[in-house]
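Q: Modelling step: build the complete structure from the supplied sequences, incorporating the hints.
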Amino acid sequence: MLKRILAAGFCAAALASISTGAIAQDVTLKLHQLLPLKATIPGKFLVPWAEKVEKESGGRIKIEHYPSMQLGGKPPELAQQVTDGVVDMIWTVMGYTPGRFPRAEAFELPFMVTTAEQTSRAFQEYYEMHMTNDFPGMKVIAVHTHGPGLLHTKDPVTSLESIKGMKLRGPTRVITQMLKSFDAVPVGMPVPAVPEAVSKGVIDGAVIPWEITLPLKMADLVGNHTEFTGERGLYSATFLFAMNQNSYDSLPDDLKKVIDDNSGVEAAAWAGRAMDGGDVVGHKKAGDKGNNIIVLDEAETQRWKDASAAVVSDWVAEMKANGIDGQKLVDDAQALLKKHSH
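Note that the numbering used here gives residue 79 to position 79 of the sequence shown, counting from 1, and the numbers run on in steps of one.
Bear in mind the hints are in silico, worked out from the structure with no lab data behind them. Ideal Cβ positions, reconstructed from N, Cα and C, are used throughout, including at glycine. Any given hint could be a false lead.
[To be verified] What follows is a list of derived Cβ distance ranges for each label pair:
{"#": "1", "residue 1": "Leu37", "residue 2": "Glu318", "range": "45 to 55 Å"}
{"#": "2", "residue 1": "Gly58", "residue 2": "Lys289", "range": "39 to 49 Å"}
{"#": "3", "residue 1": "Ser162", "residue 2": "Gly290", "range": "38 to 48 Å"}
[To be verified] DSSO-like, lysine-lysine: derived pairs with alpha carbons at most 30 Å apart:
{"#": "4", "residue 1": "Lys284", "residue 2": "Lys217"}
{"#": "5", "residue 1": "Lys257", "residue 2": "Lys339"}
{"#": "6", "residue 1": "Lys62", "residue 2": "Lys52"}
{"#": "7", "residue 1": "Lys217", "residue 2": "Lys167"}
{"#": "8", "residue 1": "Lys167", "residue 2": "Lys180"}
{"#": "9", "residue 1": "Lys320", "residue 2": "Lys305"}
{"#": "10", "residue 1": "Lys38", "residue 2": "Lys55"}
{"#": "11", "residue 1": "Lys305", "residue 2": "Lys164"}
{"#": "12", "residue 1": "Lys284", "residue 2": "Lys257"}
{"#": "13", "residue 1": "Lys180", "residue 2": "Lys217"}
A: What follows is the structure in structure tokens.
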């Protein structure tokens, strides 16, 4: 009898141990992205976000961060890597996969963006209104934008005429169209390729926000930076921070909650604030170096807005041809930007 009691007790204890182990399972998630750790988003958002998630999970979630495409592939492949489950999490530029996220392009249209935090809040809300079905195979943690994009060039851009014929890196399909509307020559490439392309004369400059000039060392490569008057910057790019859906679904409920609690508008705003802070540092570095920072006045800025207006109408028409109400998307984007800008 005693042996049977002891055996039953041992089995119960073993089952309890197995059950506890299942509940308290440890999870390692691989995060893959294209920028070096010292860049703004990895350093000021992705790394502290991962640390916060690890802490709030009681150490049960571990996030292995692989910057600069260390797990292989090229930046445009990141969205597919997370969809396929090659990695558990990615951060990427949506425009690197043209046509995959068409509704996101409303936030890439000319003279849309305000600050990165304000625009990211608006874009996250826009995603929840219009884009929740656009990411099959993914659990979206946050979407966001950078701050006002501007021109960084070897020769000064002081008017619409001076950009004519310049070879400029364009990050996305929409922004390439915008550059064409200014009679520039757009050259598509992922942002890590920009420094070599500038130094070798493949391009004359790039359109990027101030924050990304820091890891690219653009202030050392070009001497001119052209900004625009008003609260709306020339353009923005859209970004995706996402998890493989199966990786998320396999988590126990309490760990899903940790991910959920660190997803959504406040995560988007955090990324935006990081971008805004990087813009301040990038601008200061160019100024300290004695570079030529040009601010086009209101009248000249309006000429650029007028020159790029067809990009918006063409995009709306293209969306309509694909069965998407592009005008509603633009109107909603503008309304959300107004709501979140102050």
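Q: Any of the earlier hints contradicted here, and which numbers?
A: 1, 3, 12
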